[in-house]
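Novice: In case you want the letters, here they are:
2 protein chains.
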Amino acid sequence: VNGGGTTIAVDAVGGDHAPEAVVEGVARAVDADSRLEVALVGPERVVRPAAEGHVRLTAVPAEETISMDESPTQAVRAKRDSSIVVGCRLVKEGRAHGFFSAGNTGAVLAAGTLVLGRIAGVSRPAIGAVFPTPERPSVIVDIGANADCRPEHLVAFAHMGTAYAKTVLDVDSPSVGLLSIGEEPSKGSTLVVEAHELMRTRVPGFEGNVEGRDVSRGVVDVVVTDGFTGNVVLKVMEGVSATLVSQMREAMTSSPLRTAAASVLAPALRELGRRMDPDVYGGAPLLGVAGAVLIGHGSSGPDAVAAGVATSVTAVRGGLVERIAAAVETD
Amino acid sequence: VNGGGTTIAVDAVGGDHAPEAVVEGVARAVDADSRLEVALVGPERVVRPAAEGHVRLTAVPAEETISMDESPTQAVRAKRDSSIVVGCRLVKEGRAHGFFSAGNTGAVLAAGTLVLGRIAGVSRPAIGAVFPTPERPSVIVDIGANADCRPEHLVAFAHMGTAYAKTVLDVDSPSVGLLSIGEEPSKGSTLVVEAHELMRTRVPGFEGNVEGRDVSRGVVDVVVTDGFTGNVVLKVMEGVSATLVSQMREAMTSSPLRTAAASVLAPALRELGRRMDPDVYGGAPLLGVAGAVLIGHGSSGPDAVAAGVATSVTAVRGGLVERIAAAVETD
Numbered sequence: 047v048n049g050g051g052t053t054i055a056v057d058a059v060g061g062d063h064a065p066e067a068v069v070e071g072v073a074r075a076v077d078a079d080s081r082l083e084v085a086l087v088g089p090e091r092v093v094r095p096a097a098e099g100h101v102r103l104t105a106v107p108a109e110e111t112i113s114m115d116e117s118p119t120q121a122v123r124a125k126r127d128s129s130i131v132v133g134c135r136l137v138k139e140g141r142a143h144g145f146f147s148a149g150n151t152g153a154v155l156a157a158g159t160l161v162l163g164r165i166a167g168v169s170r171p172a173i174g175a176v177f178p179t180p181e182r183p184s185v186i187v188d189i190g191a192n193a194d195c196r197p198e199h200l201v202a203f204a205h206m207g208t209a210y211a212k213t214v215l216d217v218d219s220p221s222v223g224l225l226s227i228g229e230e231p232s233k234g235s236t237l238v239v240e241a242h243e244l245m246r247t248r249v250p251g252f253e254g255n256v257e258g259r260d261v262s263r264g265v266v267d268v269v270v271t272d273g274f275t276g277n278v279v280l281k282v283m284e285g286v287s288a289t290l291v292s293q294m295r296e297a298m299t300s301s302p303l304r305t306a307a308a309s310v311l312a313p314a315l316r317e318l319g320r321r322m323d324p325d326v327y328g329g330a331p332l333l334g335v336a337g338a339v340l341i342g343h344g345s346s347g348p349d350a351v352a353a354g355v356a357t358s359v360t361a362v363r364g365g366l367v368e369r370i371a372a373a374v375e376t377d
Numbered sequence: 047v048n049g050g051g052t053t054i055a056v057d058a059v060g061g062d063h064a065p066e067a068v069v070e071g072v073a074r075a076v077d078a079d080s081r082l083e084v085a086l087v088g089p090e091r092v093v094r095p096a097a098e099g100h101v102r103l104t105a106v107p108a109e110e111t112i113s114m115d116e117s118p119t120q121a122v123r124a125k126r127d128s129s130i131v132v133g134c135r136l137v138k139e140g141r142a143h144g145f146f147s148a149g150n151t152g153a154v155l156a157a158g159t160l161v162l163g164r165i166a167g168v169s170r171p172a173i174g175a176v177f178p179t180p181e182r183p184s185v186i187v188d189i190g191a192n193a194d195c196r197p198e199h200l201v202a203f204a205h206m207g208t209a210y211a212k213t214v215l216d217v218d219s220p221s222v223g224l225l226s227i228g229e230e231p232s233k234g235s236t237l238v239v240e241a242h243e244l245m246r247t248r249v250p251g252f253e254g255n256v257e258g259r260d261v262s263r264g265v266v267d268v269v270v271t272d273g274f275t276g277n278v279v280l281k282v283m284e285g286v287s288a289t290l291v292s293q294m295r296e297a298m299t300s301s302p303l304r305t306a307a308a309s310v311l312a313p314a315l316r317e318l319g320r321r322m323d324p325d326v327y328g329g330a331p332l333l334g335v336a337g338a339v340l341i342g343h344g345s346s347g348p349d350a351v352a353a354g355v356a357t358s359v360t361a362v363r364g365g366l367v368e369r370i371a372a373a374v375e376t377d
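Chains as they are written, first to last, in this note's numbering: chain A, 47 to 377; chain B, 47 to 377.
Treat the hints with caution; some may be incorrect.
Identical copies look the same in the list; a pair holds intra-copy or inter-copy alike.
As the list claims (entries may be wrong) - Using 20 Å as the maximum straight-line C-alpha spacing, the simulated DMTMM-like pairs for lysine to aspartate or glutamate come out as follows: (1) K233 - E116; (2) K233 - D377; (3) K233 - E253; (4) K212 - E368; (5) K125 - E368; (6) K233 - D115.
No lab work stands behind these hints: they were computed from the structure. Please read these numbers as outputs of a predicted model, since none were measured by experiment.
So that you can see chain A by itself, here it is in the shape it has in the complex (with noise of 0.2 Å):
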């Protein structure tokens, strides 16, 4: 770890993209921000050469990989010398201040716990994912690393929620919603009901419930859910704009004189589609864990590389860890 600056390790064979797609988005951040720098975790041959010449980008060898449908928990016992071990161990070491893949899920959340451990007080570290609503990002947690949960795993999800909201998305005072079916409180399962009555004491700016409907419209900034439900949710969002995206473009050039009209609209329906890409959040964090860990899309291009790297360097900055280690132990 250099003096002033910030360091991050970055999966260079994580995603679908790689190592292509990541050497490239590291170039971009580190030529955007001349306090960063990198280290390139993976194979010598491919970081090696991509470290070449750049004075702020380390190439550190690992030689093993971690493929994307490889069962996370056996593959980061087995494969210790892997980008995603190796990367974890970096940020273990004090060697890097935090750790950005686009690889393995399931991997980087089980190296995540595994190497660096968790915060004093959390039991479930949880992912999270920022998402596009019309006047602000929200954050949700937990997408899928619980499928199951008691109540008080909700209330450390808000307070992670609230941290990287504070943090990352650069809110003062975030509000929390927990996500059920109805607002009184008495609605819906037994884990959000039990989970309500320990939120409205516990958890700071708990607005009570949100409905699925609330969502996609911004109503908070912290939407918490057990993993099942966030994953389930994450993915009906993703998959109805795709959707709908489709459906409008096949309508929109059914004629000539559509298609016309269409591309009068393209660079505004461009300009729609670009506040409303999730990627430029810059992935998924993974909360409650000793250290900033950053998970990418697994189809993540340059630009969703290079915002993922600057994510990690404002979660490092602002001191996510610390904040989520404050908010557990305050509670």
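Since the structure of chain A is already known, use the hints to place chain B on it.
Specialist: Only chain B this time, still in chain A's reference frame:
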């Protein structure tokens, strides 16, 4: 119940636009189907004049009304002369073949269960919802009757959804998917992993897990999930569509030239809107009770009411209740 025709009891005072929208919708449904009779249930001052002069419209007085925000079970127990309770009683007594209400969903669920009773072998009635996908509609069960479920409940939801798809969506051999957070049988909550194991051998047409992003793509005819997740999913779909459409409308009218181009596309987009409008599918079926009961959206206008009544007729004529009974018995 008349000779060869079908009689549907309709709640005259259910929904935000009742009684006008209901009376108008019923008139349209009756006009469109010469073998349909409707028993219009509600306060005498409303139903008597509405039925006046229509040979296939009968007024059935029920002086009490259960409002949208009343506690369902209490209201159903206390208000024996409410339109919802009386409508269910008409079906129970064989004076109507089915019941449609755009009123308080929980009250229809409670009255349907208490008055009509459950189909033998069904321990938990559920609510289904039909939603549009690019190729053809899908049905999702449960969307809110059961926030907490056991694995065997999901098996019954699959049978009931399959019967509905056969009867109302006219699918010969419906495909069934279990909503989860990964395709592998081992992925998901404990509930879902255990349900998958049961469904594998007991549900005809079972194609395994489906993920959130598959739902709107229509990869299966029947999506099975617990009532908490199903309710959230349905409302997220509504919310994302509404947000996206309003954002696009804004983008497409952000200059005079764009507004002009948008007006060229308006017919195509309206047609798409009609195709993706869930109201055309006639409401949410209450599945597992001993009678054909459909619940309309609270915001139902005349078209939605007419569609709901017509769908009730289809459910009755196609033997929905008998199909569910047979599927549960042979399981």
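Novice: Output the indices of the hints that this structure fails to meet, ascending.
Specialist: As far as the earlier hints go, 2 and 5 are violated by this structure, in ascending order.
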